[in-house]
Structures are given as C-alpha cells and as structure tokens.
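Model the full assembly from the supplied sequences, consistent with the hints where possible.
Number of protein chains: 2
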Amino acid sequence: MKKNLLLTSTFAFFLSAVAIAQNNEVTQKIKDEGLNKSKVMETAFYLTDVSGPRLSNSPGLERAEKWAVEKLKSYGLQNVKLEPWGKFGKGWEVEKYYAAFTSPYYHNIIASPKAWTPSTNGPIKGEVFLMKADSLPDLAQFKGKLKGKIVLTPTTAVLATSFKSDGERYTEEELAAMVAPTPAGGGQRGGQRDPAALARMTKLREFRTQLTAFLKEEGVALILTYSRGNHGTFFTSNGASYAEDAPSALPELEVSSEDFLRMQRLLVAGMKVEMEADIKTKFFDKDLTGYNVVGEIPGSDPKLKDEVVMLGGHLDSWHAATGATDNAAGCAVMMEAVRIIKSLGLKPKRTIRIALWSSEEQGLFGSRGYVAQHYGDRTTMVLKPEHEKISAYYNLDNGSGKIRGIYLQGNEAAGPIFTEWLKPFADLGATTVTARNTGGTDHQSFDALGIPGFQFIQDGLEYNTRTHHSNEDTYDRLIPADLMQAATIIAAFVYNTSERVEKIPRKELPKAQLPVAR
Amino acid sequence: MKKNLLLTSTFAFFLSAVAIAQNNEVTQKIKDEGLNKSKVMETAFYLTDVSGPRLSNSPGLERAEKWAVEKLKSYGLQNVKLEPWGKFGKGWEVEKYYAAFTSPYYHNIIASPKAWTPSTNGPIKGEVFLMKADSLPDLAQFKGKLKGKIVLTPTTAVLATSFKSDGERYTEEELAAMVAPTPAGGGQRGGQRDPAALARMTKLREFRTQLTAFLKEEGVALILTYSRGNHGTFFTSNGASYAEDAPSALPELEVSSEDFLRMQRLLVAGMKVEMEADIKTKFFDKDLTGYNVVGEIPGSDPKLKDEVVMLGGHLDSWHAATGATDNAAGCAVMMEAVRIIKSLGLKPKRTIRIALWSSEEQGLFGSRGYVAQHYGDRTTMVLKPEHEKISAYYNLDNGSGKIRGIYLQGNEAAGPIFTEWLKPFADLGATTVTARNTGGTDHQSFDALGIPGFQFIQDGLEYNTRTHHSNEDTYDRLIPADLMQAATIIAAFVYNTSERVEKIPRKELPKAQLPVAR
Numbered sequence: 001m002k003k004n005l006l007l008t009s010t011f012a013f014f015l016s017a018v019a020i021a022q023n024n025e026v027t028q029k030i031k032d033e034g035l036n037k038s039k040v041m042e043t044a045f046y047l048t049d050v051s052g053p054r055l056s057n058s059p060g061l062e063r064a065e066k067w068a069v070e071k072l073k074s075y076g077l078q079n080v081k082l083e084p085w086g087k088f089g090k091g092w093e094v095e096k097y098y099a100a101f102t103s104p105y106y107h108n109i110i111a112s113p114k115a116w117t118p119s120t121n122g123p124i125k126g127e128v129f130l131m132k133a134d135s136l137p138d139l140a141q142f143k144g145k146l147k148g149k150i151v152l153t154p155t156t157a158v159l160a161t162s163f164k165s166d167g168e169r170y171t172e173e174e175l176a177a178m179v180a181p182t183p184a185g186g187g188q189r190g191g192q193r194d195p196a197a198l199a200r201m202t203k204l205r206e207f208r209t210q211l212t213a214f215l216k217e218e219g220v221a222l223i224l225t226y227s228r229g230n231h232g233t234f235f236t237s238n239g240a241s242y243a244e245d246a247p248s249a250l251p252e253l254e255v256s257s258e259d260f261l262r263m264q265r266l267l268v269a270g271m272k273v274e275m276e277a278d279i280k281t282k283f284f285d286k287d288l289t290g291y292n293v294v295g296e297i298p299g300s301d302p303k304l305k306d307e308v309v310m311l312g313g314h315l316d317s318w319h320a321a322t323g324a325t326d327n328a329a330g331c332a333v334m335m336e337a338v339r340i341i342k343s344l345g346l347k348p349k350r351t352i353r354i355a356l357w358s359s360e361e362q363g364l365f366g367s368r369g370y371v372a373q374h375y376g377d378r379t380t381m382v383l384k385p386e387h388e389k390i391s392a393y394y395n396l397d398n399g400s401g402k403i404r405g406i407y408l409q410g411n412e413a414a415g416p417i418f419t420e421w422l423k424p425f426a427d428l429g430a431t432t433v434t435a436r437n438t439g440g441t442d443h444q445s446f447d448a449l450g451i452p453g454f455q456f457i458q459d460g461l462e463y464n465t466r467t468h469h470s471n472e473d474t475y476d477r478l479i480p481a482d483l484m485q486a487a488t489i490i491a492a493f494v495y496n497t498s499e500r501v502e503k504i505p506r507k508e509l510p511k512a513q514l515p516v517a518r
Numbered sequence: 001m002k003k004n005l006l007l008t009s010t011f012a013f014f015l016s017a018v019a020i021a022q023n024n025e026v027t028q029k030i031k032d033e034g035l036n037k038s039k040v041m042e043t044a045f046y047l048t049d050v051s052g053p054r055l056s057n058s059p060g061l062e063r064a065e066k067w068a069v070e071k072l073k074s075y076g077l078q079n080v081k082l083e084p085w086g087k088f089g090k091g092w093e094v095e096k097y098y099a100a101f102t103s104p105y106y107h108n109i110i111a112s113p114k115a116w117t118p119s120t121n122g123p124i125k126g127e128v129f130l131m132k133a134d135s136l137p138d139l140a141q142f143k144g145k146l147k148g149k150i151v152l153t154p155t156t157a158v159l160a161t162s163f164k165s166d167g168e169r170y171t172e173e174e175l176a177a178m179v180a181p182t183p184a185g186g187g188q189r190g191g192q193r194d195p196a197a198l199a200r201m202t203k204l205r206e207f208r209t210q211l212t213a214f215l216k217e218e219g220v221a222l223i224l225t226y227s228r229g230n231h232g233t234f235f236t237s238n239g240a241s242y243a244e245d246a247p248s249a250l251p252e253l254e255v256s257s258e259d260f261l262r263m264q265r266l267l268v269a270g271m272k273v274e275m276e277a278d279i280k281t282k283f284f285d286k287d288l289t290g291y292n293v294v295g296e297i298p299g300s301d302p303k304l305k306d307e308v309v310m311l312g313g314h315l316d317s318w319h320a321a322t323g324a325t326d327n328a329a330g331c332a333v334m335m336e337a338v339r340i341i342k343s344l345g346l347k348p349k350r351t352i353r354i355a356l357w358s359s360e361e362q363g364l365f366g367s368r369g370y371v372a373q374h375y376g377d378r379t380t381m382v383l384k385p386e387h388e389k390i391s392a393y394y395n396l397d398n399g400s401g402k403i404r405g406i407y408l409q410g411n412e413a414a415g416p417i418f419t420e421w422l423k424p425f426a427d428l429g430a431t432t433v434t435a436r437n438t439g440g441t442d443h444q445s446f447d448a449l450g451i452p453g454f455q456f457i458q459d460g461l462e463y464n465t466r467t468h469h470s471n472e473d474t475y476d477r478l479i480p481a482d483l484m485q486a487a488t489i490i491a492a493f494v495y496n497t498s499e500r501v502e503k504i505p506r507k508e509l510p511k512a513q514l515p516v517a518r
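So the protein lines, in turn, are chains W and Z. Start counting the first sequence at 1; every next residue gets the next number (the UniProt record's numbering). Start counting the second sequence at 1; every next residue gets the next number (the UniProt record's numbering).
One or more of the hints may lead you astray.
[What the hints assert, rightly or not] List of simulated lysine to any residue pairs, SDA-like, C-alpha gap at most 25 Å:
hint: 1; chain 1: W; residue 1: LYS282; chain 2: Z; residue 2: PRO104
hint: 2; chain 1: W; residue 1: LYS216; chain 2: W; residue 2: ALA180
hint: 3; chain 1: W; residue 1: LYS96; chain 2: Z; residue 2: GLU274
hint: 4; chain 1: Z; residue 1: LYS132; chain 2: W; residue 2: TYR46
hint: 5; chain 1: W; residue 1: LYS280; chain 2: W; residue 2: ALA176
[Unchecked claim] Derived DEER-like restraints, expressed as beta-carbon distance ranges:
hint: 6; chain 1: Z; residue 1: THR202; chain 2: W; residue 2: LEU35; range: 38 to 46 Å
hint: 7; chain 1: W; residue 1: SER248; chain 2: Z; residue 2: ARG200; range: 56 to 64 Å
hint: 8; chain 1: W; residue 1: ARG506; chain 2: Z; residue 2: VAL268; range: 46 to 54 Å
hint: 9; chain 1: W; residue 1: GLY270; chain 2: Z; residue 2: VAL268; range: 45 to 53 Å
hint: 10; chain 1: Z; residue 1: ASP287; chain 2: W; residue 2: ARG205; range: 51 to 59 Å
hint: 11; chain 1: Z; residue 1: VAL268; chain 2: W; residue 2: GLN78; range: 32 to 40 Å
hint: 12; chain 1: W; residue 1: ASP194; chain 2: Z; residue 2: ALA269; range: 50 to 58 Å
hint: 13; chain 1: W; residue 1: ASP194; chain 2: Z; residue 2: PRO480; range: 44 to 52 Å
hint: 14; chain 1: Z; residue 1: ALA160; chain 2: W; residue 2: SER248; range: 38 to 46 Å
hint: 15; chain 1: W; residue 1: LYS87; chain 2: Z; residue 2: SER248; range: 23 to 31 Å
Honestly, the hints are just simulated from the structure, not real lab data. Bear in mind that the values here come from a model prediction, so they are computed numbers and not experimental data. Virtual Cβ for every residue (Gly too), placed ideally from N, Cα, C.
Here it is, written out as structure tokens:
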C-alpha cells in the first residue's frame, strides 16, 4: 500500500508538474499575444472616437454595441448578441450646444447640457439672473420674476492651485497597506455616515426638488449649474429623468467652473451679464429596452462546458466626452482578453462569456438585470439553476490604469488561488491580493447574489482628477501599455478559471432582505 | 581732529540708527497695510473679469486702461494719463465663436480664433479636409482641391498622463542653486542654439509662410490648428498681422488638443468628419497708437524729486481668457504697491512712477517705446537727459506667485542693497538675490539702456502648465496671499529706492550696436 501510495503520489506530482508546465507555456503565449500583438488601442478607438458618447439608449451606445457584436463575431466568439436586460427608458443626445456671454464683453462658455434635459426654445438671448435661494421661504421673493430668464444659482466653490499631480500610480507602500488588516470598524468604504450630515444632505436634496419645481412653474428659459473641475475640465451628470413618462424638465447647462465663477463674480458685484444660447437635444423613445452585448467561447470539456467564467465592463458612458476611461477602457480590455484566448487557439474547458453592460451609470442596471434573469433575485435570494454553474465574474472599471492586483470582496478563500495566478505578472507590477471590498461597479451585481465577483486593483492615473464623468474623458487619456497589461492578466485569469478543477470558492450566501415593517 | 572725527562718526551712527529705526517702522506699516488691508484682489477683479481680454488696442485693454487711470487718480496719484508710446496697429476682438463637428456625431469644439484672424464667411458647414504637407512640393497635389474647405493640418503631438503637479513653488534647494555661480558657458538663458536646429526652424518657418500663402490662394474657408495644452486648457497666439496695411488672412482656429486629435484620428482612419462653424471677429483701426498708463507720486525732497523710481507690469494680454496671471497679476500688484505708499501718507523723496505697459505680448513695445522716448536709443546709445534721473525700474510679470527674491541682471553692485531690503521679508519667503538674468519681459527695455531694471523671482505656480497665454488664465488662478505678499515687498523696495541717499548702482553702459556690414 505504501508503495502504491507513493506511486500514486509521484504520478499525481508528475501530472501536476505537467499541468503547471503547460500552464506556464500558455501564460507565456498569452503574454506574447497581449503585450506584443495587441489590438486593444484599435478597439478603444472604435469604442470612443468612432462611436462617440455612449449615454444609455443613445445612438452612440447603439453604434458601439453593434460594432462590438460584429467584432466579437470576427474573433470567432459564438452566441454573440444584444441581450435585453429589461426596460430602461429614453435615450438622449446633444444635437447642438452653443452658449456665450455677450456682455460686459463676448466670451464663449465651456459647458454641456445636463443629460436628458430639453432644448432651449430656439436660440435665446437675455440677462443672466443671479438667484440665491437656500430654502423654500427664499423662493417667494422670486415669484413672477423669472419668466423667460436665464437663471444662475450661485456656488460657494473656490478654485485652488494644484500642487499635487493629476495622475498617480500606487506606491509599494500603498499596496502593502491595502493588504494589511483594516482596523475594526473603519478604513473601508461604506462606513457609517455622520447622521447630522445625512440629515443636511436629505434636506438639501428636498430643497433641490422644490427649487426645480419652482423654476419650472415660473417658466425659466435656462438654468446654469456649477460643475466641479478645473482648467476647462468639468464633470457631467443627468439633469432630468430618462423614464418613459417623466415630466418635461427645464433646459440646464453644466458650466465649467471658470466660466461659471466669472459670471457669478460679475453678478455678485452688481454688474449686468447678458448671454446667448442655442441648445438642441433629442430624445429617443422607439425602444425603451436596455441591452447588454454578450458573447461566448464555448467550453470544450464535456463535463465542464455548462459552467461559465464571465468577464465584463460597461459600455455606456456619460455624454460630454467619449467615456474613454469610464469605461471604454474596461470594455476594450475585456474584448482584447477574449481575442487573445481565441487567437491562441486555446480550448477552454468551461465556457468563457463576455458581457458589455449598459446603464451602469444609472445604477448598474445592465448587470443587475442580467444577474436577475440568469442567477436569481437579490432581495428574496430565490436562486436559478444557472447560479450553480458560474465560477466567477471579473470586472474592470477603474479607468485606464494597469492592474496592480485584485480585491477579494471578503472572499478570502480565493486569495491563495489569485496569489498564485498573479505570480507570472509580478514583472508587470501586479502582485497585490486584498480581502477588501471595492464598490461602484458591476461586480457588485454578482457579489450581491453570492457569486464570486471581482474588480481588479488599478492604478488611479487621472481618474478622479480629470476623467471620471468629465468632458475630457477621451481616447487621449488611455495609456496603451497599461491596457495591454490589463488585457494580458485578465486573459490569463479567465483562462485559469476555465481550466481549474474546482470552481472559484464562494462566500456564504447573503441573507434574503425581508421587507422591513414600517 | 580725532575727537571731532569721533563725534562726527558717533553722530553719523546715531543718524543712521534713527534712519534704520524709521525705516523699520515704515516697513512694518507697509506690511500691515499690504497684508491686512489689501485691495489687490479687488483691483485684479476689475482688470480681469470686468475688463475682459486685453489684446493690444482692443476694447478690453481700453476698458482696463481707463479704469486704471481713474483708480490711480482716486489713490491720489498725480500726472495720471494714457501716454502714447508710438504706433502699434489694429485692435481686434472676438464677437462670436462657435464650432462643432457634426459627423460622425455631434461634438462642440473647445477652441479660439487666432488673434487678428478674420470672420468666417457667415456660418459655414463642410467636410474637414486632412492636409498633410511638410514641404513646398507636397502642396502641388492639393492645388484646386481646397476651395471653401475646412482644412486640418495634422500634428505629431500625443498627449501624456501627467504625473507631475501643475503647480509648483521653489524649494530651498532650487533657490540656493540660483545663487550659486553658474558654470562657465552654460546654465543661463540665451545660450547658443544648435545650428542644425536653428536651420530646421528657419526652414519650418519658411514653409509655414508658403503654406499660408497657398491656402489663401486656394480660397480655404477655415484652418484648424493644433494648440498645445491638456484637459481643455489650450494656448493661444496670433494668426495674422495687426499692421495697418496687413493683407487679409484666413479664418483660423486654435483647437484644444483633445478635440483636434479626435478629428485627426478619425480622418487618418479614413472617416468622414463634418463640421460647422460661425466665427465673427472685429478689427479696430480708428486709433492705431499704443498707450501706456502712467501715474506719479511726486517726490518731496527738493534735491531729489526730479529723480524717479519706476515700477510696472503689462496690462495687455492674450485674447482667449482674461490674462489674470499674464499680467493682470503684475499690474494689480503694482497698483496696490502705490496704493499702500499713498494710503500710509508716506512722502517719498524721489518721484515714484508707475507704468502699465501695452503690447508687451507683441515684443515689449509699450516699455520699449517709453524708454526710447524718455531715456534714449538702444541701438545708437544716444541718451536723453532723463537717463541720469532714473534710479531703478521694478517689474512683475511671472504670474501670480509670491516673491522669493530678485534677479540682478548681472548688476552685482545692487546685490548687498537688495539683500538688506529683503531681510524684513524673510518670514514671507523672500530671501534670494541672484546675479542671474531673466528675460521675456519689460525690465529688459530698461536694462538694454543700462538703467537698473529688475524682475522679481516668483514662485511658478501653474504659469507654464496652465495659465501663460492659455484660455484658462482667469481670476480663479490668482492666489490672494501671494499677490498681497508681492505688493507689500514691492511697496517697500520702491519706497526704499526713493529714500536711498544714492541712486541704485548701474552696470557699465551697453555698447552701441553699430550697423553690421553685409
């Protein structure tokens, strides 16, 4: 027995060594394809420059989706399709934007219509009205005075000279700190907020709603809103609802800080500011359904091919730029990862499925809808049969920065596996495995249902300072070497997940969220 | 004799001690007025936000000049006037700027007409034509193809993520290095340029002229030019001559790098880019004369009041913003310095004269014209009587940064004087006296004639990265504490110069520049 055991053990060791050797060979091939024969920037070009802004259900998103479907087919993926995830609402795009102040002198204004706000009533001209109101009683004094006016609601923001670089990469110290256990009760996202601050926030939000209703009732022609940012960079958002039955809103511009503050200073000093504007926006309501792009490399192992490994990023963006880092980067990387696997002729055992989500920006709608349809209900925790068949979901949505490691979302059992898988990429700067959570994007839709869902740790670059939701989130912001590195690592992770004997271990299932009695 | 000598010496020491004590008292008063009761930001607001862009001979410059004249009068200055310095040429301003590309999708373009370029022929629409030409022979292929076209001449520029802060202050090490003797034959501005590089530059310039002539002849509708910058910041210049008899040029836009590069990438990939634009610019030729704002605090000492101490900065700016750091900052500081002196009721012995120059941006014309009229001819070195009567000229034109010291322009004899005068401002960060030259602004007009002319060392802040000649050189860029510090130090320097027994020592007179035989 002893001898036999030894033989078996030796044979197992031999098999394991062969597997590791094969795996190393595949990893080297993936590295070569991903780093030396990359197509990731070409993909990024089509998703950004060629498709344009990709607001949910806009023509730009449709262009990108159609292009992605054709491209994935051309790689040899199967079952490539636009898969509906549910009802979203109206699409919207800018057909014309022009605004300038014309007195005390002429100055063209850097700004953008807020998403889903309507056109001005043709070209308009008029004095800018400074309306300082902080609470409901303040509004009374303006009753009857705002009809046809261009209204500026002041900000207390002041710009500061920046002595910190816009772009940054993680230092070794910062990465080490991410691995260290966080002190109890703090240090991670999602901590308790100060109740007083929450109350103030709620009150502010209430007043914003009251203000909007008041301005609508008074027949204001155009609202000017301060947009944070600096030096011509500004950040965009939505100004009205995309719902099918949403009441019409007012035209509203998000104005770059310098242009806004200049007008505000002049108005506060009692000077007359006159403005002209011409904004045309268009709504699209023929098809209110939201879609994800989905495609597969079918599994080759008869026992495992019904199991899947998923990877994805969101294809939708905000409207003032082309959403290069948020998140054409992630989509281009994921498309590149499946291209690498296909182009090497690898035959993964499990099915590899890519998904390019939509409506992430409005609340992870595309991935949540997909998860609800395929895997179960996040509230009741009633699961579907596919829930057992998915090994893991990998997401990339923190900009153009290269991968420095991975967040386990508290799934510590996955730690040793990923630590092993990162080893061949230490030379590319990816070494860190942290138990921590990270939030704000589509892996959470999977994690909410107990499916191993991961977001990689990425160098921040200019994500927070310049690109995330800004008017300057363009192709220029992408760093080719970083995207190539990310695609290479993800190709290897996805392939390793497909080949692994077991699926990726899971955390305990989250509890059903029972309705709370009120 | 010995006793007498001792008595005299003691008395002299006593007088000197009194003078120093008085001087210290004045310095404290200046500090209090400049740091605690400052008006510098109010002045800056009127020069920037209220006046607008201040291109030479534009209505914006005229507004600022008139306001400055009235303000200086209100401080109690005398002989305040607009003093003509010679013939400049036409003024110009933007009356409307609108441009967007409309295909493959709509995108409003951040750009500015180049200074002194004409209007488009009303609103125009058309395909953007990519015209790659590097030398005269390249142009032939485009003959007859460009009539009415919007032409984009490509750039090889690529944007990079910034890992360095936009703003910076001098470190103690950098300041120390400025004081250290520079190695022979290097380390200072104005070193010998590589002859091959110079030849390439000359050739390039020649080709630009040929290209412009060709495009004009072909009847191009609009030229799109790449403008360096990042994230919505771009830098402006002039695109045509301001001369009275200048031939008409073509409409030309300086386009922000992201918008330019996006169009270029689409065109290089063979895609159709369509554009619409509407540019109205206006020329002003009623008065071609250039003016400086000049005003005085007349001297109070019968023997010294004919002697002057000058201080100044240039009031003109580029056109895409309000020239806050270049150089409303310098003008506001100089106006504040004379306000401080007047408001304290000081009676300077020598006359203090402030000058706010114009047309600095086109070649220091305002200050050169002034120097030629008052002090002599920089070529022949034929001097005028006033040349002997000026003690020094102090200039501020390196942005919003606080003063860290002063450049001696090689006038080493002035070093110990300035070192002494800076002592009370060590606590404000101003300590450095360097023998080095600095160039590029109006103190050079004085220095060229052997008059002690100085520019202060200022923290760079965002001058090179964001503000100098950019579309984002606005009031927001000014740091109040820095401008207050500068005004305080300059008030003290100017007052000290007016009170000093001797005038500031001079360098040897430059040699006349004899005509070179060809």
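Outcome of the hint check:
| no. | hint | in the structure |
| --- | --- | --- |
| 1 | W:LYS282 / Z:PRO104 | holds (16 Å) |
| 2 | W:LYS216 / W:ALA180 | violated (52 Å) |
| 3 | W:LYS96 / Z:GLU274 | holds (14 Å) |
| 4 | Z:LYS132 / W:TYR46 | holds (23 Å) |
| 5 | W:LYS280 / W:ALA176 | violated (50 Å) |
| 6 | Z:THR202 / W:LEU35: 38 to 46 Å | holds (42 Å) |
| 7 | W:SER248 / Z:ARG200: 56 to 64 Å | holds (59 Å) |
| 8 | W:ARG506 / Z:VAL268: 46 to 54 Å | holds (48 Å) |
| 9 | W:GLY270 / Z:VAL268: 45 to 53 Å | holds (51 Å) |
| 10 | Z:ASP287 / W:ARG205: 51 to 59 Å | holds (56 Å) |
| 11 | Z:VAL268 / W:GLN78: 32 to 40 Å | holds (34 Å) |
| 12 | W:ASP194 / Z:ALA269: 50 to 58 Å | holds (51 Å) |
| 13 | W:ASP194 / Z:PRO480: 44 to 52 Å | violated (31 Å) |
| 14 | Z:ALA160 / W:SER248: 38 to 46 Å | holds (44 Å) |
| 15 | W:LYS87 / Z:SER248: 23 to 31 Å | violated (58 Å) |
In terms of the numbered hints stated before, the structure departs from hints 2, 5, 13, 15, listed from lowest to highest.
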